[in-house]
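Given only the sequences and the hints, what does the whole structure look like? Please build it.
Residue numbers (the working numbering), protein chains in the order written: chain S, 1 to 224; chain F, 1 to 121; chain R, 1 to 578; chain A, 1 to 384.
Honestly, the hints are just simulated from the structure, not real lab data.
From a predicted model like this one, the values you see are computed outputs, not experimental measurements.
Be careful, since some hints might not be right.
Here are the simulated distance ranges between beta carbons [unchecked claim]:
id	chain 1	residue 1	chain 2	residue 2	range
1	S	Asp-143	F	Arg-40	20 to 30 Å
2	F	Tyr-85	R	Lys-518	50 to 60 Å
3	F	Tyr-85	S	Arg-189	25 to 35 Å
4	S	Arg-189	F	Arg-40	42 to 52 Å
5	A	Ser-118	F	Val-46	23 to 33 Å
Calculated lysine-lysine pairs in the DSSO-like style (CA-CA distance at most 27 Å, straight line) [stated by the list, open to error]:
id	chain 1	residue 1	chain 2	residue 2
6	R	Lys-237	A	Lys-150
7	S	Lys-110	F	Lys-11
8	R	Lys-361	A	Lys-150
9	R	Lys-361	R	Lys-443
10	A	Lys-71	R	Lys-565
11	A	Lys-150	R	Lys-365
All C-beta atoms in this analysis are idealised placements derived from N, C-alpha and C, irrespective of residue type, glycine included.
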Amino acid sequence: MAEAAETDQGPLTTIVNDWSSDVTTFKAVPWGKAMMWIFLLSDTFIFTSFLVSYMAVRMTQTDAWPEPSEVFSLEAFGVPVPLLLIAIMTFILITSSGTMAMAVNMGYRKRKVAVFWLMFATALLGASFVGMQAFEWTKLIGDEGVRAWQNPMGAAQFGSFFFMITGFHGLHVSAGVVYLLIVAFRVLRGKYDNTSFEIVEITGLYWHFVDLVWVFIFAFFYLW
Amino acid sequence: MAEVGQQHPIKVYFLVWALLFVFSIASYLVDFFAFEGHLRWFLIVVFMLLKAGFIVAVFMHMKWERPTLITAILVPPLVLIVLMYLLAYEADYAWASRIVYFGDVVEPIPEPPPSHAAVPH
Amino acid sequence: MATAEIPYQETVPLHHPKTWIGKYVFSQDHKVIAVQYGITAMAVGLVALFLSDLMRIQIAFPEFMDWFVEDYYYQSITMHGMIMVIYLLTAFLLGAFGNFTVPLMCGARDMVFPFVNMLSYWVYLLSVIILLLAYIPGLGGPTGAGWTLYPPQTITEGTPGADWGITTMLASLAVFIVAFTMGGLNYITTILQARTRGMSLMRLPLTVWGIFVATFLGLLAFPALFVSAIMMILDLKIGTSFFMPAIVSLGQTLAYDGGQPLLFQHLFWFFGHPEVYIVALPAFGVVSDLISVHARKNIFGYRLMVWALVFIGILSFIVWAHHMFVAGMHPYFGFFFATTTLIIAVPTAIKVYNWILTLWKANIKLTVPMLYALSFVLTFIMGGITGLFLGNVIIDIPLSDTYFVVAHFHMVMGVSPILAIFGGIYHWYPKLTGRMLNDTLGKWHFWITFLGTYIIYFPMHYLGFIGVPRRYYENFDSSFYPASAQLLNEVITYTALVVGVAQLLYVINLVHSYFYGKPAGDNPWGANSLEWCTPETPPGHGNWGDRLPTVHRWAYDYNVPGSEKDFIPQTVPQGQTS
Amino acid sequence: MRKILDHHVAILLGLVVIGSVIFNVWSPWQFTEIASNWEFIDFTVKVTWWITGVAFVLLGLFMAWAIWRYKYHESGESHYEPEHPVLESWLTIITSIGVVIMLAPGLIAWDDYVQVPSDAMEVEVYGEQWTWKFRFPGEDGILGATTVKKNVDRTFDGTTYEPNITSLNPFGMRDDDPHGDDDILIASNVLHLPLDRNIKVVLRSKDVLHDFWVPEIRAKMDMVPGMITYFWFRPTRTGEFEILCAELCGRGHHIMRGTMYIDTQEDFETWLDAQVTWAEMKAGQKPEEPIVAKGRQIADQNGCFACHSLDGTSVVGPTWKGLWGREITLSDGATVIADEEYIVESIVEPNVKLVEGFGSVMTPYAFEDDEMEALVRFLQETAE
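Encoded structure:
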């Protein structure tokens with residue numbers, strides 16, 4: 001499989017050649033990265049199963065489904081703004097994805113101090129996302145009386161799915177924060193100086209996936 | 001953009017970063033201006049897919065991977081579309097049976113709690 | 001096809017464990033992990049076997065065991081089913097065979113992430129322990145909801161173990177899925193990224209192909225079970241209503257409202273049908289290899305065999321609701337799912353044809369592993385054709401939830417994979433231990449098991465024709481059963497007891513031969529695939545010494561015209577014959 | 001003899017195949033005699049049976065023959081031929097044709113199965129752990145709507161509701177649906193249906209999954225709580241048939257049986273006329289003293305009626321009808337008068353003095369004094 005001939009091939013030829021070659025199928029993909037991709041594929045099925053269940057139950061429901069933009073509105077300067085907190089959370093997560101992408105880029109250039117600070121910033125943004133989520137939960141439970149098993153505004157499943165899906169996503173974010181911090185400090189200590197910085201990219205894949213899931217939750221839960 | 005990206009990745013990152021903000025604001029505006037019905041759903045899905053696509057393609061470097069990896073990761077989730085479609089189809093059926101046989105009525109969207117009554121809609 | 005790509009494994013040093021515990025307990029060696037998986041799976045399997053014999057006694061001789069009340073019966077069917085499907089078959093075929101064969105057959109030193117692989121086993125052990133916790137007295141026993149765990153009955157008071165029993169079951173499943181994911185990611189990555197020189201996917205033995213496709217199915221199907229387990233635990237413990245509509249359970253109106261029980265069934269079978277193939281595909285692979293090696297002939301139509309595996313794997317995700325034809329789902333789904341299900345029959349039939357055509361003009365050595373493989377083909381044909389009954393929506397209507405279904409799935413995913421497992425153990429035991437298993441014991445065990453299970457399950461289909469419903473604690477007081485059906489039932493029970501006890505022969509054989517078996521040598525069967533080319537037997541840590549082997553041909557060069565021996569191992573260059 | 005021993009594997013495998021065929025031919029265990037219009041199901045089974053049966057015999061015997069013919073010889077050589085595309089294509093095509101032949105009648109029959117004829121008479125089958133009830137739509141031909149809960153009220157502090165399925169309203173009829181008034185309620189597990197009429201069976205469950213199944217009818221369908229399912233059939237012969245539950249529904253699954261009689265039209269109408277409508281049932285319910293009503297409510301809320309009936313039938317526990325003041329025989333042979341003392345004792349320590357013929361399955365209940373008094377009063381009223 002000569003790399004030079006690459007550009008002349010159509011994608012289909014590349015696919016066929018790669019699958020029929022020896023040693024590796026995903027050329028130039030380290031083990032860890034391949035494994036993370038496959039794991040994310042599996043995780044995609046988990047989140048999709050959650051979201052599809054949410055769809056099925058909501059569509060079967062005859063009780064009223066609350067209007068999310070009203071439930072999740074927040075007062076700013078005395079005016080209630082719909083989905084204000086969610087908007088901020090979304091922007092935070094996107095920003096963290098940006099810093100993470102930069103960290104991966106710096107990793108390729110082996111600038112480990114930059115990598116450390118960018119990953120650290122990503123982790124901080126992630127932690128603040130979880131914090132805001134906690135705030136949102138508190139508000140929903142305390143001010144609106146929504147519980148996982150009841151909802152004064154209508155169908156109980158509104159709360160059930162909200163807490164379950166955002167909770168599961170929040171767990172992913174929290175785990176990601178821990179993961180980021182561990183890798184960041186290892187990078188700083190020079191653990192990967194003599195090998196490659198692929199671990200940064202792998203961590204990045206996970207983090208972007210968490211962001212990706214939020215894109216879908218945002219669309220289906222808060223806007224639909 | 002793809003060619004530029006491979007030579008100046010950092011610039012592409014900033015560009016995508018900005019685009020993600022734009023799409024988020026756009027989907028937020030869909031809600032703010034209270035589009036309803038199919039137009040609303042269409043816009044939400046379009047912006048969602050655009051955001052997801054950019055994250056996967058650029059931030060997750062899918063754009064620069066070989067087609068082998070791209071197809072291996074992106075093709076299997078297609079079966080989930082079958083699951084989604086069929087469950088949606090069936091949900092309507094079960095919903096109808098609740099309306100017809102249990103006399104359930106479609107409840108109006110409830111009043112929001114008093115503190116949020118003045119949401120523009 | 002040999003390329004200049006150097007296998008990454010050859011460039012990284014391997015750290016050998018220093019202590020006994022590091023070597024045999026918390027071992028990261030795929031072969032030790034395989035044995036750990038195998039022993040644990042067989043141990044729980046024996047528990048499930050014991051439960052099945054209790055159930056058989058109850059069905060045929062209701063007066064015999066007064067203490068065996070309804071609750072025990074329903075708990076036994078549940079535990080028997082779940083243990084056999086998940087904790088024995090899935091764990092054994094992927095955990096034990098997968099771990100043992102994948103690195104050896106791909107020419108890898110070990111799994112790509114040995115530490116994660118080790119964790120996989122210990123987490124699996126944890127899931128088994130959690131599962132068995134339900135038997136602690138005072139917790140109300142395990143759940144009696146049937147292995148399909150359909151809500152609402154799973155978590156309502158009318159079902160035994162509706163509190164702790166179901167909790168431990170769901171928790172155990174969730175933990176098992178974590179364990180499987182850790183192992184499965186390893187198998188897939190090893191197969192895709194850590195093969196040796198010259199080992200293209202199309203030169204892999206079918207065993208690895210079966211395990212590869214099955215693992216992939218597992219990674220994509222178990223999420224649905226994971227999600228439904230979480231949702232059901234929430235329904236039970238904090239009172240959400242995902243699967244629970246408003247119901248009146250034993251006179252009490254429960255607080256649940258608006259949930260959809262069918263959603264659980266869809267999620268469960270979205271996992272459950274691929275699960276059938278997670279069990280079947282590795283068995284297909286193992287049997288293909290056994291038949292080819294012992295018939296001294298290349299497997300017929302290798303490429304079609306591979307594509308059939310892949311095609312079955314893909315299709316298995318869009319046939320799930322054929323388990324739900326009478327579940328009350330949307331009526332039109334019947335058309336779609338009957339069609340997709342019967343389409344799956346085509347690649348499956350092709351596999352059967354190819355096994356049989358491999359025998360044609362072969363030179364068949366009737367060794368004990370070959371006997372298991374041949375009987376697998378026969379039981380699988382039986383299970384497959386009864387599947388055509390149940391997959392065809394309208395025939396499923398009278399037959400579903402009868403003993404026909406019980407007979408069908410025991411034939412196709414109980415007996416068949418178990419026979420493949422027995423054959424596989426017999427085949428690889430010499431490589432694993434350096435000693436042969438005892439042939440006499442093996443033959444006795446084989447004939448009792450094969451003929452016994454056939455006598456159990458073949459007539460059982462006819463009970464289904466009469467209309468005997470499954471999962472009935474007491475059966476034979478209905479007016480439309482002929483009295484002779486009870487006699488048939490008793491015959492089945494006697495046979496089941498004999499077969500149950502006969503499994504001890506295999507255990508004895510495994511233990512006895514470990515110490516006193518005939519020394520095997522490196523390649524007792526004259527097989528081609530890479531695991532028989534290791535420099536030592538049993539293979540040491542790292543499998544291959546300093547340099548990984550180089551592969552020059554596929555694994556099925558038996559009786560190639562012009563060669564002096566009747567087999568040419570994969571490491572022999574093209575043009576040479578030995 | 002030598003040869004037989006040499007080839008015992010081939011012979012035994014062949015015998016398994018032939019034995020299966022012989023078993024099938026001689027087996028007295030076949031489908032029960034059909035009693036509905038679904039002969040087409042039996043026909044489809046036959047088609048599948050023949051195609052798969054021939055395939056099984058051919059494949060099995062070919063395998064046995066190959067094992068005999070190509071048994072290992074030291075000097076033997078197998079034929080090296082990795083692929084045979086022509087043969088493989090033919091096998092694929094033949095299999096596909098077989099599959100189509102089996103599938104086509106199946107789909108046609110299914111199309112018939114899911115489309116209920118417009119003249120079908122509706123009957124509701126109502127499943128509960130572990131017995132059956134039935135409901136006919138009455139004169140207006142429409143089944144009244146039902147509900148499990150009424151007056152559902154959601155507030156910040158929680159959701160409250162009143163049970164709608166109680167001993168006074170065992171079918172959970174909705175108050176606000178006038179279609180329900182003329183519905184004919186059959187509160188026992190005996191169903192009568194007329195011969196030669198298309199019948200749409202509407203399936204409803206109040207607790208868990210059940211499955212209404214009469215083997216001679218062939219048709220079955222699960223009943224799913226929270227929604228309605230259905231199937232239809234036309235009875236083609238009169239007689240008595242057993243109703244089974246075909247979906248695991250808890251520890252009493254195997255006792256969930258019933259009886260279905262297929263009658264001539266006149267017999268059926270005679271029987272139906274003797275049954276009560278919902279309006280009649282409501283009218284027959286006398287207003288109760290507050291304390292008795294309270295006792296009934298307590299019994300309802302604690303699920304007593306799941307095991308103790310009010311109409312004289314024995315379910316899991318003894319019926320309460322005529323219980324009060326009667327002399328009853330205990331499981332140890334002693335007798336006792338069912339007075340207040342015995343009743344209270346049996347509620348608090350239910351398994352000490354068991355009535356003869358019943359198992360020790362009841363869990364102890366503790367009530368406040370006034371609740372216990374109300375319950376006892378209710379039992380006393382019920383007996384009369």
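Here is how each hint holds up against the structure:
1. S/Asp-143 x F/Arg-40: 20 to 30 Å: For F/Arg-40 against S/Asp-143, whose Cβ atoms are near 27 Å apart, the range 20 to 30 Å holds.
2. F/Tyr-85 x R/Lys-518: 50 to 60 Å: Since F/Tyr-85 and R/Lys-518 have Cβ atoms about 59 Å apart, the given range 50 to 60 Å holds.
3. F/Tyr-85 x S/Arg-189: 25 to 35 Å: violated, 50 Å
4. S/Arg-189 x F/Arg-40: 42 to 52 Å: Once the Cβ atoms are compared, 50 Å apart, the range 42 to 52 Å for F/Arg-40 and S/Arg-189 holds.
5. A/Ser-118 x F/Val-46: 23 to 33 Å: Distance hint for A/Ser-118, F/Val-46 is violated at roughly 44 Å.
6. R/Lys-237 x A/Lys-150: holds, 25 Å
7. S/Lys-110 x F/Lys-11: Holds. S/Lys-110 to F/Lys-11 sits at ~19 Å (cutoff 27 Å).
8. R/Lys-361 x A/Lys-150: violated, 75 Å
9. R/Lys-361 x R/Lys-443: Distance of about 25 Å is within 27 Å: holds.
10. A/Lys-71 x R/Lys-565: The hint holds at about 18 Å.
11. A/Lys-150 x R/Lys-365: It is violated: about 73 Å lies between the C-alpha atoms, which goes past 27 Å.
In terms of the numbered hints stated before, the structure departs from hints 3, 5, 8 and 11, listed from lowest to highest.
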